[in-house]
Amino acid sequence: MGELLFTPFGKTAYLLQIAEAEDSPPEAYARRVAVFLRMAERLRSASSIVEVVPAYDELLVTWTRTARQSLVRDFIARAYASAIGATPERGEIGQHHRLAVLYGGADLAAVAKALGLSAAGVVELHTSVEYRVQAIGFQPGFAYLGALPAALRLPRKSVPLVRVPPGSVAIAGTQTAVYPHASPGGWHLLGRTAIPTFDAFAASLSRLRVGDTVKFLDATQR
Amino acid sequence: MKVTVLKAIGHLTIQDRGRPGQRHAGLPLGGPADRESAILANRLVGNPDLAPMVELALAKADLFFDRDCGLAWTGARVALSVDGQPQGLDRTIICPASVKVSIEGFRYGNYGYLAIGGAWAAARWRGSTSPVLLGDAAHPASSVLRTGASFEVLPSETRLRSAPCLLPSEAETPTVIRISTGPETSRFEAGLGFRAGGGLAGTHLLLGLPFTVDPASDRVGVRLRGTGSLALRPAIFGPEVRSSPTLPGTIQVLPNGDLIVGHVDGPTMGGYPRIGIVVPEDLGLLAQARGGVTFVAAA
Chain F
1 MGELLFTPFG KTAYLLQIAE AEDSPPEAYA RRVAVFLRMA ERLRSASSIV EVVPAYDELL
61 VTWTRTARQS LVRDFIARAY ASAIGATPER GEIGQHHRLA VLYGGADLAA VAKALGLSAA
121 GVVELHTSVE YRVQAIGFQP GFAYLGALPA ALRLPRKSVP LVRVPPGSVA IAGTQTAVYP
181 HASPGGWHLL GRTAIPTFDA FAASLSRLRV GDTVKFLDAT QR
Chain D
223 MKVTVLKAIG HLTIQDRGRP GQRHAGLPLG GPADRESAIL ANRLVGNPDL APMVELALAK
283 ADLFFDRDCG LAWTGARVAL SVDGQPQGLD RTIICPASVK VSIEGFRYGN YGYLAIGGAW
343 AAARWRGSTS PVLLGDAAHP ASSVLRTGAS FEVLPSETRL RSAPCLLPSE AETPTVIRIS
403 TGPETSRFEA GLGFRAGGGL AGTHLLLGLP FTVDPASDRV GVRLRGTGSL ALRPAIFGPE
463 VRSSPTLPGT IQVLPNGDLI VGHVDGPTMG GYPRIGIVVP EDLGLLAQAR GGVTFVAAA
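As they're listed, the protein sequences go chains F and D. Read left to right, the first sequence gives residues 1 to 222 (the numbering used here). Read left to right, the second sequence gives residues 223 to 521 (the numbering used here).
Simulated from the structure, these hints should not be mistaken for laboratory data. Incorrect hints may have been included.
For lysine to aspartate or glutamate, the following EDC-like pairs were computed, each having C-alpha atoms within a straight-line distance of at most 20 Å [claimed, not checked]: (1) K11(F) / D504(D); (2) K11(F) / E258(D); (3) K224(D) / D288(D); (4) K11(F) / E503(D); (5) K282(D) / D440(D).
A few chain D residues that don't get close to chain F, going by computed Cβ distances all over 12 Å [to be verified]: (6) M223; (7) T226; (8) S324; (9) G357; (10) R464.
Keep in mind that this is a model prediction, so the values were computed, not measured. Using N, Cα and C, we set each Cβ at its ideal position, and we do this for glycine too.
Please model the entire structure based on the sequences and the hints provided.
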């Protein structure tokens, strides 16, 4: 593993990254995520650490105003060293989820037209790959999934929808996602899943966690 | 003691310390929009610093207390009255039982805090009374106070205290806010896009420039309009916008040169470059500002 890079984010936070060669293989990305997830567990046990947020192959760490920055930095460096030793070279990190989707969302036809595909072609491509949960946020439990097949990539809508229905499965840029709650949103809606990905009274809130994998299944009645 | 909301116009919520340590689940911090003023209100009535209190955001309210209790108001300058008698702000008020307490006329400042001395029986969700909107429902729902709502407080003995107001005077404009660097600060260096190095150079582009608070600002974010003279509009916005984690106070630059400063209820991820971050001690001050704002580098 490469050197751990500390980018300051205000006076009480670091954005952590692992230096890698430009041409490092996809497995190296998965291993960086695995190392950071292992590190996150350990960092959360320290009383002076407040937030530990994994996103992509980065880790955001914040600490209390009264903690000493040099000690926090040493603690993070030690947690990194021990996480490298404890993380296998290969192997799955996270759970696998299969989400049945009723395709036919409000934007399916427009997406197909914009991409020069049929609606069935869009569905086939969207269900063809296994996605990784890259980050959680925007709203509680919203999971950013990637990477979307190159043939499905579109910019976000120029005018966001005021109310996206809960359970909507959508795409934008290099990512796809399930909207856990009704909310405004600027992504293109392909369909809906009836499988709840969020439970307000479960300890983990979201069924999907960073590092998990997701496969969408076409449940549309034909 | 039962506290009844006889009338609520605008946004009234029960806030406390919020939910630190849950951003990885996408949960914002929550808590008072002006933390320092909220703590002061609780200290004036002898409560723990971030025990529950009522936050009013440019709102009007009439409240009714069925027992004697100690109250204090801090933050925005308003007209506060007890049984029709005008009351001082930033000081403990002994409120007799069964009279009406009225709050109206936000003169300046956007958020005010009503502390009630005693132990509150307020519902919590994931450790906090601060409401989070999930779809169409707030959690906990009882923390959003509407006309007719009520809640219970066990009043405690209150001793009289007073404090100076934490808001700058109305005449002091622009509001001066301290900032430090963010992850994309170096991208803005010299306004030329993705140049290496950076240090403070990127945030320095913001220093001293005039901004104006957009009235659409709220607990989600404070939107600041620039003058159009900013050298902040180079092609730093890549074709593939990827959202990244933010913190309360994170300053994101919009394509038109305006800024959005994430606030306590703001999304935990943002899709625009993070040029800097407001120091936590100044975030409440920014939330209270209505007119001009300018930035200085944090020590």
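Results of checking the hints against the structure:
no., hint, verdict
1, K11(F) / D504(D), "holds, 13 Å"
2, K11(F) / E258(D), "holds, 18 Å"
3, K224(D) / D288(D), "holds, 6 Å"
4, K11(F) / E503(D), "holds, 11 Å"
5, K282(D) / D440(D), "holds, 17 Å"
6, M223, "holds, 30 Å"
7, T226, "holds, 28 Å"
8, S324, "holds, 35 Å"
9, G357, "violated, 4 Å"
10, R464, "violated, 7 Å"
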